[in-house]
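A.B. asks: The chain contents come next:
2 protein chains.
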Amino acid sequence: MEMGYCELRNRLQIACVLGAIISLSSPVTYGAKILVVPIDGSHWINMKILIEELKNHGHNITALYSSKAWYIKESPDLYQSITVQLQGGTTKFDDSRGIQHFLDKLLTTLRHGLTPWAFILVQNEMISFLREWHLWAGAFITRIFEDEKLLKQLEETNFDLVLTDPALGIGSMLAHYLKAPLVYNVRWITRGEAHFLFAPSPLSYIPLLGSHLTDKMNFLQRVQNVLQHFLELFISEFFIHPIYNEACRRYLGTDIDIKTVLLQADVWLMRVDFVFEFPRPTMPNIVYIGGFQCKSPKPLPVGLERFVQTSGKYGIIVMSLGSLVNSLPLDITMKIAEAFAQVPQKVIWRHNGKIPPNIANNTLLAKWIPQNDLLGHPKTQAFVAHGGTNGIYEAIYHGVPVVGLPLFYDQFDNLIRLKVRGAAKIVDAATMQSLDLLQALNEVINNASYRVNMQKLSSLHRDQLESPMRRAVFWIEYVARHRGAAHLRSEFYRLPWYTYYCVDVLALLLSVFLIAAMLIVLILKRFCSVVGKKKQKTQ
Amino acid sequence: MEMGYCELRNRLQIACVLGAIISLSSPVTYGAKILVVPIDGSHWINMKILIEELKNHGHNITALYSSKAWYIKESPDLYQSITVQLQGGTTKFDDSRGIQHFLDKLLTTLRHGLTPWAFILVQNEMISFLREWHLWAGAFITRIFEDEKLLKQLEETNFDLVLTDPALGIGSMLAHYLKAPLVYNVRWITRGEAHFLFAPSPLSYIPLLGSHLTDKMNFLQRVQNVLQHFLELFISEFFIHPIYNEACRRYLGTDIDIKTVLLQADVWLMRVDFVFEFPRPTMPNIVYIGGFQCKSPKPLPVGLERFVQTSGKYGIIVMSLGSLVNSLPLDITMKIAEAFAQVPQKVIWRHNGKIPPNIANNTLLAKWIPQNDLLGHPKTQAFVAHGGTNGIYEAIYHGVPVVGLPLFYDQFDNLIRLKVRGAAKIVDAATMQSLDLLQALNEVINNASYRVNMQKLSSLHRDQLESPMRRAVFWIEYVARHRGAAHLRSEFYRLPWYTYYCVDVLALLLSVFLIAAMLIVLILKRFCSVVGKKKQKTQ
Numbered sequence: 001m002e003m004g005y006c007e008l009r010n011r012l013q014i015a016c017v018l019g020a021i022i023s024l025s026s027p028v029t030y031g032a033k034i035l036v037v038p039i040d041g042s043h044w045i046n047m048k049i050l051i052e053e054l055k056n057h058g059h060n061i062t063a064l065y066s067s068k069a070w071y072i073k074e075s076p077d078l079y080q081s082i083t084v085q086l087q088g089g090t091t092k093f094d095d096s097r098g099i100q101h102f103l104d105k106l107l108t109t110l111r112h113g114l115t116p117w118a119f120i121l122v123q124n125e126m127i128s129f130l131r132e133w134h135l136w137a138g139a140f141i142t143r144i145f146e147d148e149k150l151l152k153q154l155e156e157t158n159f160d161l162v163l164t165d166p167a168l169g170i171g172s173m174l175a176h177y178l179k180a181p182l183v184y185n186v187r188w189i190t191r192g193e194a195h196f197l198f199a200p201s202p203l204s205y206i207p208l209l210g211s212h213l214t215d216k217m218n219f220l221q222r223v224q225n226v227l228q229h230f231l232e233l234f235i236s237e238f239f240i241h242p243i244y245n246e247a248c249r250r251y252l253g254t255d256i257d258i259k260t261v262l263l264q265a266d267v268w269l270m271r272v273d274f275v276f277e278f279p280r281p282t283m284p285n286i287v288y289i290g291g292f293q294c295k296s297p298k299p300l301p302v303g304l305e306r307f308v309q310t311s312g313k314y315g316i317i318v319m320s321l322g323s324l325v326n327s328l329p330l331d332i333t334m335k336i337a338e339a340f341a342q343v344p345q346k347v348i349w350r351h352n353g354k355i356p357p358n359i360a361n362n363t364l365l366a367k368w369i370p371q372n373d374l375l376g377h378p379k380t381q382a383f384v385a386h387g388g389t390n391g392i393y394e395a396i397y398h399g400v401p402v403v404g405l406p407l408f409y410d411q412f413d414n415l416i417r418l419k420v421r422g423a424a425k426i427v428d429a430a431t432m433q434s435l436d437l438l439q440a441l442n443e444v445i446n447n448a449s450y451r452v453n454m455q456k457l458s459s460l461h462r463d464q465l466e467s468p469m470r471r472a473v474f475w476i477e478y479v480a481r482h483r484g485a486a487h488l489r490s491e492f493y494r495l496p497w498y499t500y501y502c503v504d505v506l507a508l509l510l511s512v513f514l515i516a517a518m519l520i521v522l523i524l525k526r527f528c529s530v531v532g533k534k535k536q537k538t539q
Numbered sequence: 001m002e003m004g005y006c007e008l009r010n011r012l013q014i015a016c017v018l019g020a021i022i023s024l025s026s027p028v029t030y031g032a033k034i035l036v037v038p039i040d041g042s043h044w045i046n047m048k049i050l051i052e053e054l055k056n057h058g059h060n061i062t063a064l065y066s067s068k069a070w071y072i073k074e075s076p077d078l079y080q081s082i083t084v085q086l087q088g089g090t091t092k093f094d095d096s097r098g099i100q101h102f103l104d105k106l107l108t109t110l111r112h113g114l115t116p117w118a119f120i121l122v123q124n125e126m127i128s129f130l131r132e133w134h135l136w137a138g139a140f141i142t143r144i145f146e147d148e149k150l151l152k153q154l155e156e157t158n159f160d161l162v163l164t165d166p167a168l169g170i171g172s173m174l175a176h177y178l179k180a181p182l183v184y185n186v187r188w189i190t191r192g193e194a195h196f197l198f199a200p201s202p203l204s205y206i207p208l209l210g211s212h213l214t215d216k217m218n219f220l221q222r223v224q225n226v227l228q229h230f231l232e233l234f235i236s237e238f239f240i241h242p243i244y245n246e247a248c249r250r251y252l253g254t255d256i257d258i259k260t261v262l263l264q265a266d267v268w269l270m271r272v273d274f275v276f277e278f279p280r281p282t283m284p285n286i287v288y289i290g291g292f293q294c295k296s297p298k299p300l301p302v303g304l305e306r307f308v309q310t311s312g313k314y315g316i317i318v319m320s321l322g323s324l325v326n327s328l329p330l331d332i333t334m335k336i337a338e339a340f341a342q343v344p345q346k347v348i349w350r351h352n353g354k355i356p357p358n359i360a361n362n363t364l365l366a367k368w369i370p371q372n373d374l375l376g377h378p379k380t381q382a383f384v385a386h387g388g389t390n391g392i393y394e395a396i397y398h399g400v401p402v403v404g405l406p407l408f409y410d411q412f413d414n415l416i417r418l419k420v421r422g423a424a425k426i427v428d429a430a431t432m433q434s435l436d437l438l439q440a441l442n443e444v445i446n447n448a449s450y451r452v453n454m455q456k457l458s459s460l461h462r463d464q465l466e467s468p469m470r471r472a473v474f475w476i477e478y479v480a481r482h483r484g485a486a487h488l489r490s491e492f493y494r495l496p497w498y499t500y501y502c503v504d505v506l507a508l509l510l511s512v513f514l515i516a517a518m519l520i521v522l523i524l525k526r527f528c529s530v531v532g533k534k535k536q537k538t539q
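Residue numbers (this note's numbering), protein chains in the order written: chain A, 1 to 539; chain B, 1 to 539.
Errors might be hidden in some of the hints.
Intra- or inter-copy, both count: the list cannot distinguish identical chains.
[Unchecked claim] Below are the DSSO-like pairs computed for lysine-lysine, each with C-alpha atoms no more than 27 Å apart in a straight line:
1. LYS179 - LYS216
2. LYS525 - LYS92
3. LYS149 - LYS179
4. LYS179 - LYS456
5. LYS33 - LYS456
Hint data in this document are derived by calculation from the structure and do not stem from the laboratory. Small disclaimer: the values here were computed from a predicted structure and weren't measured.
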């Protein structure tokens, strides 16, 4: 105690002020050891962009993924790779064939529109596809947790944090095992849209993803929304979560389930921006980074720029169905080609399948396109897109109105969010005729309101104190710096549902009220009868 | 249409990019016309700090307040003043006498601790004090809306936004009338803590302010929390809101009530930080600016610095009961003086009332102290405070542990938030003996954990991407720039409560379920009886 409190205090304060200065100066250049457990496919695209930025900030990244990964490749200058060898042959998740097969089936089912029967078939398809995916994740988890050497290696590295996409439960379980702080790059969890797990989500104005609803619902739509919520709970409870719960019990502890594990994240970097998503309740440890992958356009390759310039005053249309889908069935692509043939614009179409024979001179097919640079090109008039979030945010960022051809999952819902703001038109890919697409294109390009509305979204989206990417990196570093962010996690996850909703309290209050009411009635009855008897007596 | 879409687009895009650049560069130097409708007293202290910063950013401020305001004075270099002359003599809200009288009554009532009877008396005191305050506001509103010249002047100024503290409903009603975008500097609304109006607030883990509870409640505490919630609703519904609702109907429209008016704010700058407040659900248009008034300490005046230095290795204790309360009753201040006399530290005590005769040599009394500079002084060991949020945030910012002497409203609750984090001790001012305070002081100063915990809160609080003040100014400018922030306001406020909670949907689903169950039972009964008859026949 000889040192004196003041001196001790001074030192602490200096350390603290230094900490604040370090955190305010950008970038924070200290090498955190980060274990990334990514998800393959389109999820990897934005995770990789985040990894690149973390690398730029001097952090050491280790990525853990399947040795047969489809998109994720070794990249020693960006991250160390730990690959996990799965038993058995290739699966449908190792390349595009699985999703292509799924899409073909879907489009065939929906050929006559979304009839009730088609709805049931589609739901069934989706559930079994999802279940297979989570079963694959279950096998992956087993492989990791049965590999003592790997576990030891991970434990000894003593990671500062785990960064994962919790659409599969792998990374969360690993973070729990390693007792490491946990950050999500997230829009989906194992049970559906991520907010629904832990932010209050009144079903009266928050539509489920997949419902095709908006935040303004009539009575029947609300009934649909509630029913779909129960359906989702049912599916996750009986088809998805048991896969993880068994693994949790086996490898993490008998009283641990996947919900508890998922909720242990310190910070949720949510790929959402309220320019796009309907406003809804949120939580203090959700950080919104929607559009973090967007950036200013680079000049186009010379040949492409020349093609774009030939469009003259009409400009160009850009079309892409994203990274997962290789191609649509030929009859549909022919209808698209027919529509494109009739617009005065030039068209650049990212296309991998069979070339439609009726392709016109104004249309350029390419196996890959510099999508961001094209969307940021001043000649671009419209974006024909499937409605994946990566593309949607790029369209918002660059202010390009959209003609949507949604295929599955959240794509219709994503597009609906642009549609209600007057920035997109939606065409049903399964049932459309070429005229539908042509009309939508003409409407979106020639009716100035679409562009004006999209530009308004763009200017709101760009008007932020710091870029979403800067925010993402800050919060990852924050969690590493403070070994977590426990003070931002609410108490609710400790409570059983009847406590959370105060059902027990209301039951007590109701009982007290009823007993009191009964007592009063009894007393009044007794009083009346006594008075009655007295009256009889006096009579 | 000769201009061509591309060119139009180019111009729009340039405008949009310029907008983004302007918003990223700091400060934004364009003069928005801002109408500030402040609240007098301690609320004014932080509103004034915000006004100073807005002035620094080049905005033109007009402040509207009572000509008899207690704290708010004319300040032409900071803001234009519009003063409203209230009819009648001075009221208890024009100086410190009202609150002093209220405090004296409270302390007398609580002299024997918080007995059930004392609780009822205190509640009664609080409600009538609150009601008088809102009646005063009602008179203020009448005065404004009956003054056609004033209204015309306000309308013609065409303000870019209204900035107000909605603890009284004046500013919100005015913004509604002027159809101006609306920003709140807020912790309280007319009905209690502001979150409870429009962010989902599960009573199972979110304690009401005034409940003295934390986010970890047992069953009985939850019962208390629920009952208090109903009490608050009852009070606001029958004693507070009718005052405003009548004014709304008279001046804004027959279908407008105060709740609708309050909810029209575009952005809520909430004087809360989750280092201090328990984590809880929030909304997209809440921006947390807790501690925005904190700043680095300036050097002390020479005489004061000399006194501080005489404290040697023991350091100093700072005491202040905030700006509203002039003094405690003499018997209480004597106990405080007695405790201070027994500590080895020097004490600096902001004190305005009768000087306690037993004041010791180590204690310096002052009518005003540079509180922020003293709390930021390296010699400061502890802060004896009443628990108002301004002081609490300064203590957090500077990492000084607190001994709390809470007096009324949220002060006990504020201190409890520090206490559960091991950064404060609370002493009951009404019932304490000098030994209680002495022990609390010794504990907080000599047990290092209090300082360490407070330093931890401080380092978390200071570790932000931008200062809370920067955030406040950005969002005010954002709302002015975009003429509101409608895209951040959720749909819930349009819904009646039974729709919001899906009571109608659940009633339908339950009915369908019951009817189906009844049908099945009926069919089974019929079936059984038919089978039974057949059996009888065959027998």
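A.B. asks: Each of the hints needs a verdict: does it hold here or not?
C.D. replies: Each hint, compared with the structure:
no. : hint            : result
1   : LYS179 - LYS216 : between (42 Å within a copy, 24 Å between copies)
2   : LYS525 - LYS92  : neither (75 Å within a copy, 51 Å between copies)
3   : LYS149 - LYS179 : within (18 Å within a copy, 67 Å between copies)
4   : LYS179 - LYS456 : between (44 Å within a copy, 21 Å between copies)
5   : LYS33 - LYS456  : between (40 Å within a copy, 23 Å between copies)
When each numbered hint is compared with the structure, a violation occurs for hint 2 only.
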